[in-house]
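Undergrad: Chain residues, written in single-letter form:
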Amino acid sequence: MKKEDLPQEPGALSRLTRELCYVKNEDGKYETALSKGWDIKKEALDSAWVEVNDRVEEARKAVANGEKSPVYYFMELNLMDLAVLSGYTGFFVFFIKRHLKPSVFSSLSDKKLEKYAKAFDITVDELKNFKG
Amino acid sequence: MNIDTKTEEFHHVHAAHCENGVTTALLRYHGLDFMTEPLAFGMGSGLFYIQIPFLTINNGPAISFRTMPGAIFKRTCRALGVEVTRNKFSDPAKAQSFLDKKINDGVPVGCQVGVFHLTYFPKEYRFHFNAHNLIVYGRDDDRYQISDPIMEEVTSLSAEELSRVRFAQGPLAPKGHIYFPERVGVITDDLIRKGIIKGIKRNVRDMISIPGNFAGVNGIRYTSNNIRKWRDKLGLKKAGLYLGQIVRMQEEIGTGGGGFRFLYGAFLEEAAAYLQDDRLIGISEEFTKSGDMWRASAIQMAGVYKGRLTEQQSFDEIADRLLQIRSVEKEAFLKLSKLNLGK
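Same order as they appear, the protein sequences are chains X and Z. If you're matching positions, the first sequence starts at 1 in UniProt numbering and goes up one per residue. If you're matching positions, the second sequence starts at 1 in UniProt numbering and goes up one per residue.
Hint data in this document are derived by calculation from the structure and do not stem from the laboratory. These numbers come from a predicted model, not from an experiment. Be aware that one or more of the hints could be misleading.
Claimed, not checked - Below 27 Å or equal to it, Euclidean Cα-Cα: the simulated DSS-like pairs (lysine-lysine) are:
no., chain 1, residue 1, chain 2, residue 2
1, X, K118, Z, K94
2, X, K97, Z, K238
3, Z, K175, X, K115
4, Z, K102, X, K112
5, Z, K229, X, K42
6, X, K131, X, K61
7, X, K112, X, K97
8, X, K29, Z, K194
9, Z, K175, Z, K123
10, Z, K94, Z, K194
11, X, K36, Z, K123
12, X, K29, Z, K289
13, X, K42, Z, K237
Please model the complete structure; the sequences and the hints are all you need to start from.
TA: This is the structure we're talking about:
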């Protein structure tokens, strides 16, 4: 990529920093230059977030309809999957899958709920009382 | 022991990629003034390609354009005879006291962190990605001074914020991973040249001779074959998201697939000067070409996830582009292997 072709199209990252890139100068040698961003990347990131938001909305509906427990909603809201949530709570994936069922969730002890609440950065009450 | 005068010697390095940046800045701190990002990347055989079969990350294909996390630092230090200390911890309190001890001694250290809770990152970038690297180089009251190589300027984190990202969970969980050069010996030009040659040879091996069909240059073909099937198999929407993930893995900060090819081109340019071998300049050009082709393919992939391109023909064209990239990279690495460097 030639230096003059380096895109300067600001995205989310440009709020924090410009990116360092390796580009070819007029003499055909490599040097570094700073980029504010590139729309192609920005759109890829945007489409990933559209997908995340869709998943969160579906999770919300599933909780509202009584199909899933609040754990499911907050897991999606925090961009987690079962493996990541297992890491943050210390619960095995097998148990987390059970806790996604509203019937099992309603019988969970406060101690277990506490672990989920901590993983999601919310209080036990917020977790328990989430209705979708 | 004087923390202030010690930490003043540390110079922040702004880099294209975090691990290169940490490696470069730490080695420069230890007196290796010749170290540059391309040199660290090349000596560490950083260029790679892999699509891990059947695995999805963030609901998309698991693709990497670079070698394993930690390998660049490890290999570059080893090539230069630099002794390294690295530790992981199960207890965050122990991890912090170990860090504090190094900081009190005035030693800047590399830390592996997760970005999901990294407070200074823009929210849009905070996925559960656990192989980010930064340097802690001092402490100002209760805030740790942070040199994050992807940033133009230094920043800071509270003890709690830092502990949280050092103990992020999920795939590649850092477990408080801390690393730094312990002892640096005499570094001659000959040692640097040997390190460069070794780095190139190992990279040739990783890209050309690695077994299996999903890593090295053959991995690019593996992804190409996948892409051809995605439209029918996944439906247009999901196929678009998968392509978007490739572009993010390819062009985003800290991963930079197209960017990595330019970086390797820059490395070969530096290598040509060290080895006084102009043949490397010509091969450098081929990596520049490959980097440009990756970027062109990203533009076409964007057409799909923006909903402008919807036909199977577009998927086939993207797949064909990847095959062309594969042959450019394969050719370039074969040329490198035929140079008989160091003979």
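Undergrad: Look at each hint and say if it fits the structure.
TA: Checked hints:
For the hint linking X:K118 to Z:K94, the alpha-carbon distance of about 21 Å falls within 27 Å, and the restraint holds. Restraint check for X:K97 and Z:K238: the C-alpha separation of about 24 Å stays at or below 27 Å, so the hint holds. A threshold of 27 Å between alpha carbons decides the hint, and for Z:K175 with X:K115 the separation of about 19 Å falls inside it, so the pair holds. Annotation: proposed proximity of Z:K102 to X:K112 is violated, straight-line Cα distance about 37 Å (limit 27 Å).
This hinted pair checks out: Z:K229 and X:K42 have alpha carbons roughly 26 Å apart, not beyond 27 Å. Annotation: proposed proximity of X:K131 to X:K61 holds, straight-line Cα distance about 9 Å (limit 27 Å). The hinted pair formed by X:K112 and X:K97 meets the criterion: a straight-line CA distance of about 14 Å does not exceed 27 Å. Distance hint between X:K29 and Z:K194 is fulfilled; the C-alpha atoms sit about 24 Å from each other, no more than 27 Å.
For the given pair, Z:K175 sits about 23 Å from Z:K123 by alpha-carbon distance, which is consistent with the 27 Å threshold. As the CA atoms of Z:K94 and Z:K194 are separated by approximately 38 Å, the hinted pair breaks the 27 Å bound. Pair hint X:K36 plus Z:K123 holds up; C-alpha atoms about 17 Å apart against a cutoff of 27 Å. Restraint check for X:K29 and Z:K289: satisfied, since their Cα atoms lie roughly 14 Å apart, inside the 27 Å limit.
Taken as a hint, the X:K42 and Z:K237 pair is honoured in the structure, with Cα atoms around 18 Å apart against an allowance of 27 Å.
Violated hints for the displayed structure, listed by number in ascending order: 4, 10.
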